Amino acid sequence: MSKRDIILRCEAMSRHFGPTKVLAPLDIEIEHGQIVGIVGSSGCGKSTLLNIIVGSLPPSAGRVLISTSGAEREVDGHGRDRGMVYQKYSLFTHLTAIQNVAFGPMVNETTIPGRAVGRVSGSWSHKRQEHLEKAEALLVRLGLGDALHRYPSQLSGGMQQRVAIARALIMEPQILLLDEPFGALDEETRGDARQILRDLRSKVTVLMITHSLEEAVSIGDRVIGLSKYWNWREQGHTSFPGATTVYDKACPVFAHADKDSAGSIMLQADELRAVVFPSKEEKEGTKDSVLDPKTYCQYWQQQGVSQ
Amino acid sequence: MFFSVLGIALLILAYTALAYAETDTIPPMPRFPLVPKFDRLYEGLKLLVFLDPQSGDYIFWKDFLVSGPRLLIAVGGTSLLCVTVGIYMGLYDFLRRMCLPIMEIVEHIPANGMMIFFLALFHTSNPLFWGVMAFGICVGITKNVYLASKSVSDEHVFTAKTLGASEQEVTWYVVFPQIIPQIIEAVRQSISPAIVFLMGTEWIVGSDGIGHRFMQLNRSPRAFMTFPYVMALGLIGLFISYAFRKIQRVSCPWHENETPPDFVDRFLARMKNNIQTLMRHERKKETAS
Numbered sequence: 001m002s003k004r005d006i007i008l009r010c011e012a013m014s015r016h017f018g019p020t021k022v023l024a025p026l027d028i029e030i031e032h033g034q035i036v037g038i039v040g041s042s043g044c045g046k047s048t049l050l051n052i053i054v055g056s057l058p059p060s061a062g063r064v065l066i067s068t069s070g071a072e073r074e075v076d077g078h079g080r081d082r083g084m085v086y087q088k089y090s091l092f093t094h095l096t097a098i099q100n101v102a103f104g105p106m107v108n109e110t111t112i113p114g115r116a117v118g119r120v121s122g123s124w125s126h127k128r129q130e131h132l133e134k135a136e137a138l139l140v141r142l143g144l145g146d147a148l149h150r151y152p153s154q155l156s157g158g159m160q161q162r163v164a165i166a167r168a169l170i171m172e173p174q175i176l177l178l179d180e181p182f183g184a185l186d187e188e189t190r191g192d193a194r195q196i197l198r199d200l201r202s203k204v205t206v207l208m209i210t211h212s213l214e215e216a217v218s219i220g221d222r223v224i225g226l227s228k229y230w231n232w233r234e235q236g237h238t239s240f241p242g243a244t245t246v247y248d249k250a251c252p253v254f255a256h257a258d259k260d261s262a263g264s265i266m267l268q269a270d271e272l273r274a275v276v277f278p279s280k281e282e283k284e285g286t287k288d289s290v291l292d293p294k295t296y297c298q299y300w301q302q303q304g305v306s307q
Numbered sequence: 001m002f003f004s005v006l007g008i009a010l011l012i013l014a015y016t017a018l019a020y021a022e023t024d025t026i027p028p029m030p031r032f033p034l035v036p037k038f039d040r041l042y043e044g045l046k047l048l049v050f051l052d053p054q055s056g057d058y059i060f061w062k063d064f065l066v067s068g069p070r071l072l073i074a075v076g077g078t079s080l081l082c083v084t085v086g087i088y089m090g091l092y093d094f095l096r097r098m099c100l101p102i103m104e105i106v107e108h109i110p111a112n113g114m115m116i117f118f119l120a121l122f123h124t125s126n127p128l129f130w131g132v133m134a135f136g137i138c139v140g141i142t143k144n145v146y147l148a149s150k151s152v153s154d155e156h157v158f159t160a161k162t163l164g165a166s167e168q169e170v171t172w173y174v175v176f177p178q179i180i181p182q183i184i185e186a187v188r189q190s191i192s193p194a195i196v197f198l199m200g201t202e203w204i205v206g207s208d209g210i211g212h213r214f215m216q217l218n219r220s221p222r223a224f225m226t227f228p229y230v231m232a233l234g235l236i237g238l239f240i241s242y243a244f245r246k247i248q249r250v251s252c253p254w255h256e257n258e259t260p261p262d263f264v265d266r267f268l269a270r271m272k273n274n275i276q277t278l279m280r281h282e283r284k285k286e287t288a289s
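If you're matching them up, the sequences are chains A and B in order. Our numbering puts the first sequence at residues 1 to 307. Our numbering puts the second sequence at residues 1 to 289.
Take these hints with a grain of salt, some might be off.
The following label-pair restraints were derived from C-beta to C-beta distances [stated by the list, open to error]: (1) Arg96/B x Asp76/A: 52 to 60 Å; (2) Tyr92/B x Met266/A: 49 to 57 Å; (3) Ile6/A x Gln189/B: 51 to 59 Å.
No more than 30 Å apart at the CA atoms, straight line, and that leaves these computed lysine-lysine pairs for DSSO-like [as the list claims (entries may be wrong)]: (4) Lys203/A x Lys127/A; (5) Lys283/A x Lys21/A; (6) Lys284/B x Lys272/B; (7) Lys21/A x Lys150/B; (8) Lys246/B x Lys143/B; (9) Lys294/A x Lys21/A; (10) Lys88/A x Lys150/B; (11) Lys88/A x Lys143/B.
Calculated from the structure, these hints are not laboratory results. Just so you know, these numbers come straight off a predicted model, no measurement behind them. By construction, the Cβ of each residue, glycine as well, lies at the ideal position given by its N, Cα and C atoms.
Excised from the complex, chain A in its bound form:
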């Protein structure tokens, strides 16, 4: 069986900051329409990986390729085909919810001189109206019809998170990157946010960093674990090359009221915890990790694809 519709491909992509190696050369391929959970202990390079994919950081070596418009092309800076939602949502504090969401269409479809001319000729107000209507429709769909004209400081964490997702979605990105999107949410709001993600399945490819392993396994179609603790000496490296993928498996399909699916989720989360998080000795540096990255990276074998 051959690989299906690949939308994102990291080829021997690595990143270091000065002498600090953050990511060892990674080879990751993501299929279109999947929700992929990315987990790992703090400082293992999860956010760096997302920032490279979104174009905020260039890789130190290797490359990132995306196939969002038919042909495969290398990522070189930011692009509207990739949307990002940060942990703190990064809503523009001076704009209301609806203005935040309408910001993307404004800067994407018009330019500063174009808007200046449009203001004089009157065409800008029609265009702006279109943007605001589109933003309103999206916010209403996400249950924020009552909060359209509120500033971020007047919104709860859950509402801010939905506005941030709406702001990314209005650009119709093909890849949505979420950096710990549920970090600051209470349990009830987390439920709503998870549902929003489930609704996006198959329409948008989602890469989501999360600290909750159960969340990654229950929402994701696939979960990738990054870790700094692996047998890099045995792999022929003389110095630490950075974190690598130590876990890559498909997730069980979650179904409500299905005890088996809930059980498999718990089992996989336990396995993930054992693989991704280091033992006390490994953390203290008194014992080298013996973890071979290939042992738990079985996603493509699970899909019946030979690597």
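Dock chain B against chain A, hints included.
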């Protein structure tokens, strides 16, 4: 509120005590006491703020109309330039590296020391006063705006770029609006030093304006005229400060939660509340009768 009023009351009390004590202890200077009593202050106030019978001018307003526009033009022009430079410094590393050393040097040169340079260039025309003030406040405004611009999170900048914003759009649609409150505050804070530089320059080389008036008043210690003059300046300063806070609130409603109400706001709110209570009380009395 109680303690604010108490503070002012104590100040007035201390002044009154000092005014009477001076008459008793210091060899009498009947015409020009250093701490004049209130009747003398009122006399001075009439001479300065109201019509001066000798010259036929409203002295304070005449001076204010000379110094005010000088201050406005210098602070306004400097702010426009420094805000632009400060924002770009926060965004572009090469500009920061280029400007910071120059600013470090300029910061340590007293603006009034540069007066001789501006005097040679502009003689005693208005650009001399603008130049001294601009030199004195430019670093403060630029640094404050630069720090504010730098404090805008990278995530905001990256988010705007993923949405398709150009560098200029990031600057003027994301960074600039978010730091407007800090810009207003930086300009507000620059007004006091600008006034000091203006008055110093007017004192030394001016032939009119507030600083020049102080120089004239200082020739003989006419405190009964100087004190009301200084008080009037203080009140104008208070008004400017209040106006800036109002502008900040109106132009940045999203920032309102972060701006604590100042003394004037609290005072006005308390007055409004008291009047409403009084009116309610009166209405009740009327209804009862």
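**Asked** Is the straight-line distance between the alpha-carbon of lysine 88/A and that of lysine 150/B 30 Å or less?
**Response** Holds - the C-alpha atoms of lysine 150/B and lysine 88/A are around 18 Å apart, at most 30 Å.
**Message:** Checking one constraint from the list: CA of lysine 283/A to CA of lysine 21/A, max 30 Å. Satisfied?
**Reply:** holds, 17 Å
**Request:** Assess, step by step, whether the Cα of lysine 294/A is no farther than 30 Å from the Cα of lysine 21/A, and give holds or violated.
**Result:** holds, 20 Å
**Item:** Range hint compliance [Cβ, isoleucine 6/A to glutamine 189/B, 51 to 59 Å]
**Value:** The hint (51 to 59 Å, Cβ to Cβ) holds, given that isoleucine 6/A and glutamine 189/B are roughly 56 Å apart.
**Prompt:** Does lysine 272/B lie within 30 Å of lysine 284/B when you go C-alpha to C-alpha?
**Reply:** holds, 18 Å
**Request:** Given the hint that lysine 88/A pairs with lysine 143/B, test it: the Cα-Cα distance must not exceed 30 Å.
**Result:** holds, 27 Å
**Message:** For a C-alpha distance cap of 30 Å, please report whether lysine 246/B and lysine 143/B respect it.
**Reply:** holds, 23 Å
**Asked** Does the hinted range 52 to 60 Å hold for arginine 96/B and aspartate 76/A at CB?
**Response** For aspartate 76/A against arginine 96/B, whose Cβ atoms are near 25 Å apart, the range 52 to 60 Å is violated.
**Asked** Within 30 Å, alpha carbon to alpha carbon, are lysine 203/A and lysine 127/A?
**Response** Holds: lysine 203/A and lysine 127/A sit about 27 Å apart, inside 30 Å.
**Asked** Would the pair lysine 21/A and lysine 150/B pass a check requiring their Cα atoms to be no farther apart than 30 Å?
**Response** With Cα atoms ~27 Å apart, lysine 21/A and lysine 150/B stay inside 30 Å; holds.
**Asked** Does 49 to 57 Å hold as the CB distance between tyrosine 92/B and methionine 266/A, or does it fail?
**Response** Check passed, 51 Å falls within 49 to 57 Å.
Of the hints listed earlier, the one the structure fails to meet is number 1.
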